[in-house]
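Trainee: Sequence:
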Amino acid sequence: MTDVQDHREIRTARLLLRRPAPDDAEALHRFASDLEIARMLALVPHPLSRGHMDVLIRGQDDPGRSAGDFLIEADGETVGVVTVKRPGYGTPPRAMPRLGYWIGRPFWGRGYASEAVAAIVDHAFRLHPSDRIGAGVYHDNAASMRILEKRGFREAERSPTHCLARGLAVETVNMLLTREEYEGRNR
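Mapping of the sequence shown onto the UniProt record's numbering: position 61 corresponds to residue 61, and the numbering continues sequentially without gaps.
Honestly, the hints are just simulated from the structure, not real lab data. Check before you lean on any hint, since a few could be wrong.
With a cut-off of at most 16 Å between alpha-carbon atoms, the simulated EDC-like pairs for lysine to aspartate or glutamate come out as follows [to be verified]:
hint	residue 1	residue 2
1	Lys-150	Asp-122
2	Lys-150	Glu-115
3	Lys-150	Glu-183
4	Lys-150	Glu-181
Whenever a hint applies, use it, and build me the whole structure from the sequences.
Mentor: The structure is reproduced here in C-alpha coordinates:
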(Lines of atoms letter the chains of each structure in order from A; the text may use other names.)
(Lines give C-alpha, C1' and ligand atoms only; values in the text may rest on other atoms or scores of the structure.)
Protein backbone atom coordinates (compact mmCIF):
# COMPACT_ATOMS: atom_id res chain seq x y z
CA MET A 1 0.00 0.00 0.00
CA THR A 2 1.19 3.51 -0.68
CA ASP A 3 0.71 6.89 0.94
CA VAL A 4 0.25 9.76 -1.52
CA GLN A 5 0.50 13.33 -0.22
CA ASP A 6 -0.23 16.14 -2.68
CA HIS A 7 1.30 13.99 -5.45
CA ARG A 8 4.76 15.02 -4.24
CA GLU A 9 5.66 11.96 -2.17
CA ILE A 10 4.74 8.33 -2.27
CA ARG A 11 5.90 6.05 0.54
CA THR A 12 6.12 2.27 0.36
CA ALA A 13 7.47 -0.26 2.85
CA ARG A 14 11.09 0.43 1.82
CA LEU A 15 11.03 3.38 -0.54
CA LEU A 16 10.34 7.07 -0.71
CA LEU A 17 9.28 8.32 -4.15
CA ARG A 18 9.61 12.10 -4.29
CA ARG A 19 9.95 14.89 -6.84
CA PRO A 20 13.53 15.32 -8.08
CA ALA A 21 15.26 18.55 -7.10
CA PRO A 22 18.27 20.27 -8.69
CA ASP A 23 20.48 18.82 -5.92
CA ASP A 24 19.64 15.32 -7.19
CA ALA A 25 21.22 15.89 -10.60
CA GLU A 26 24.66 14.57 -9.63
CA ALA A 27 23.43 11.17 -8.40
CA LEU A 28 20.97 10.81 -11.28
CA HIS A 29 23.65 11.78 -13.79
CA ARG A 30 26.06 9.20 -12.36
CA PHE A 31 23.55 6.36 -12.81
CA ALA A 32 21.95 7.48 -16.09
CA SER A 33 25.43 7.91 -17.63
CA ASP A 34 25.89 4.14 -17.39
CA LEU A 35 25.46 2.77 -20.92
CA GLU A 36 23.69 -0.33 -19.55
CA ILE A 37 20.94 1.98 -18.25
CA ALA A 38 20.91 4.57 -21.05
CA ARG A 39 20.58 1.89 -23.76
CA MET A 40 17.26 0.79 -22.23
CA LEU A 41 15.81 4.34 -22.26
CA ALA A 42 14.51 6.14 -25.33
CA LEU A 43 15.33 9.74 -24.42
CA VAL A 44 18.66 9.48 -22.59
CA PRO A 45 21.70 10.02 -24.81
CA HIS A 46 25.08 8.42 -24.23
CA PRO A 47 27.28 10.02 -23.26
CA LEU A 48 24.93 12.04 -21.06
CA SER A 49 26.02 15.57 -20.21
CA ARG A 50 25.33 17.04 -16.80
CA GLY A 51 23.50 19.88 -18.57
CA HIS A 52 21.16 17.38 -20.23
CA MET A 53 20.37 15.89 -16.80
CA ASP A 54 19.61 19.37 -15.47
CA VAL A 55 17.18 19.89 -18.40
CA LEU A 56 15.50 16.54 -17.66
CA ILE A 57 15.03 17.50 -14.01
CA ARG A 58 13.62 20.93 -14.92
CA GLY A 59 11.29 19.24 -17.45
CA GLN A 60 9.52 17.35 -14.70
CA ASP A 61 7.75 20.61 -13.84
CA ASP A 62 6.07 20.72 -17.28
CA PRO A 63 2.40 20.04 -16.46
CA GLY A 64 1.70 18.87 -20.01
CA ARG A 65 4.36 16.18 -19.85
CA SER A 66 4.16 14.39 -16.58
CA ALA A 67 1.72 13.37 -13.93
CA GLY A 68 4.67 12.41 -11.83
CA ASP A 69 8.41 12.10 -12.13
CA PHE A 70 9.66 10.59 -8.91
CA LEU A 71 13.14 10.01 -7.62
CA ILE A 72 13.35 6.64 -5.85
CA GLU A 73 15.13 6.62 -2.48
CA ALA A 74 15.97 3.62 -0.31
CA ASP A 75 17.39 4.30 3.15
CA GLY A 76 17.94 7.93 2.15
CA GLU A 77 20.00 7.03 -0.92
CA THR A 78 18.99 7.75 -4.52
CA VAL A 79 18.49 4.47 -6.40
CA GLY A 80 16.55 5.45 -9.55
CA VAL A 81 13.55 7.14 -11.14
CA VAL A 82 9.94 6.20 -11.88
CA THR A 83 7.59 8.34 -14.00
CA VAL A 84 4.03 8.53 -15.25
CA LYS A 85 3.48 10.52 -18.45
CA ARG A 86 0.07 12.11 -18.92
CA PRO A 87 -2.29 11.02 -21.69
CA GLY A 88 -1.63 13.13 -24.77
CA TYR A 89 2.14 13.23 -24.23
CA GLY A 90 4.59 11.72 -26.69
CA THR A 91 5.00 11.32 -30.43
CA PRO A 92 2.51 10.18 -31.42
CA PRO A 93 0.47 11.37 -28.43
CA ARG A 94 -0.45 8.51 -26.12
CA ALA A 95 -4.10 7.83 -25.37
CA MET A 96 -3.32 6.64 -21.84
CA PRO A 97 -0.94 7.34 -18.97
CA ARG A 98 2.41 5.68 -19.61
CA LEU A 99 4.96 4.69 -17.02
CA GLY A 100 8.70 4.37 -17.15
CA TYR A 101 11.46 3.62 -14.67
CA TRP A 102 15.09 2.80 -14.19
CA ILE A 103 17.27 1.72 -11.28
CA GLY A 104 20.98 2.47 -10.86
CA ARG A 105 23.11 -0.60 -11.51
CA PRO A 106 24.46 -0.85 -7.91
CA PHE A 107 20.85 -1.41 -6.79
CA TRP A 108 19.73 -4.01 -9.32
CA GLY A 109 18.27 -7.23 -7.94
CA ARG A 110 16.90 -5.76 -4.71
CA GLY A 111 13.26 -5.49 -5.78
CA TYR A 112 13.24 -1.68 -5.82
CA ALA A 113 11.89 -1.45 -9.36
CA SER A 114 9.04 -3.85 -8.58
CA GLU A 115 8.11 -1.91 -5.45
CA ALA A 116 8.30 1.47 -7.21
CA VAL A 117 6.25 0.23 -10.19
CA ALA A 118 3.53 -1.10 -7.86
CA ALA A 119 3.38 2.28 -6.11
CA ILE A 120 3.32 4.35 -9.30
CA VAL A 121 0.59 2.16 -10.84
CA ASP A 122 -1.54 2.74 -7.72
CA HIS A 123 -0.80 6.47 -8.00
CA ALA A 124 -1.62 6.61 -11.72
CA PHE A 125 -4.96 4.83 -11.41
CA ARG A 126 -5.94 7.15 -8.54
CA LEU A 127 -4.86 10.25 -10.44
CA HIS A 128 -6.24 9.45 -13.91
CA PRO A 129 -9.72 8.32 -14.94
CA SER A 130 -8.11 6.25 -17.71
CA ASP A 131 -9.21 2.65 -18.08
CA ARG A 132 -5.62 1.52 -18.81
CA ILE A 133 -1.95 2.30 -18.30
CA GLY A 134 0.81 1.58 -20.78
CA ALA A 135 4.55 0.98 -20.63
CA GLY A 136 7.11 0.41 -23.35
CA VAL A 137 10.05 -1.96 -22.90
CA TYR A 138 12.81 -2.69 -25.38
CA HIS A 139 12.61 -6.31 -26.51
CA ASP A 140 16.04 -7.08 -25.02
CA ASN A 141 15.14 -5.88 -21.50
CA ALA A 142 13.80 -9.14 -20.06
CA ALA A 143 14.15 -8.00 -16.43
CA SER A 144 11.91 -4.99 -17.01
CA MET A 145 9.33 -7.09 -18.84
CA ARG A 146 9.20 -9.48 -15.86
CA ILE A 147 8.62 -6.57 -13.48
CA LEU A 148 5.66 -5.35 -15.55
CA GLU A 149 4.24 -8.86 -15.99
CA LYS A 150 4.34 -9.36 -12.20
CA ARG A 151 2.14 -6.25 -11.89
CA GLY A 152 -0.36 -7.65 -14.43
CA PHE A 153 0.82 -5.89 -17.60
CA ARG A 154 0.56 -7.88 -20.82
CA GLU A 155 1.96 -7.37 -24.28
CA ALA A 156 -0.33 -5.30 -26.51
CA GLU A 157 1.84 -4.75 -29.59
CA ARG A 158 5.38 -4.23 -30.82
CA SER A 159 6.74 -1.20 -32.60
CA PRO A 160 10.11 0.44 -33.26
CA THR A 161 11.19 3.27 -30.95
CA HIS A 162 14.30 5.36 -31.48
CA CYS A 163 16.89 5.04 -28.70
CA LEU A 164 19.24 8.02 -28.37
CA ALA A 165 21.96 6.02 -26.60
CA ARG A 166 22.00 3.30 -29.26
CA GLY A 167 21.45 5.70 -32.14
CA LEU A 168 18.88 3.47 -33.80
CA ALA A 169 15.29 2.22 -33.65
CA VAL A 170 14.80 -0.68 -31.26
CA GLU A 171 11.85 -3.08 -31.19
CA THR A 172 9.63 -2.02 -28.30
CA VAL A 173 7.18 -4.28 -26.52
CA ASN A 174 4.22 -2.07 -25.64
CA MET A 175 2.66 -3.39 -22.44
CA LEU A 176 -0.82 -2.66 -21.11
CA LEU A 177 -2.62 -2.94 -17.77
CA THR A 178 -6.37 -2.31 -17.69
CA ARG A 179 -8.09 -0.80 -14.68
CA GLU A 180 -10.30 -3.90 -14.50
CA GLU A 181 -7.26 -6.19 -14.31
CA TYR A 182 -5.60 -3.88 -11.78
CA GLU A 183 -8.67 -3.75 -9.54
CA GLY A 184 -9.12 -7.52 -9.80
CA ARG A 185 -5.55 -8.07 -8.60
CA ASN A 186 -5.91 -5.57 -5.74
CA ARG A 187 -9.15 -6.69 -4.12
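Trainee: Which numbered conditions among the earlier hints are violated in the structure presented, ordered from lowest to highest?
Mentor: Those not satisfied: there are none.
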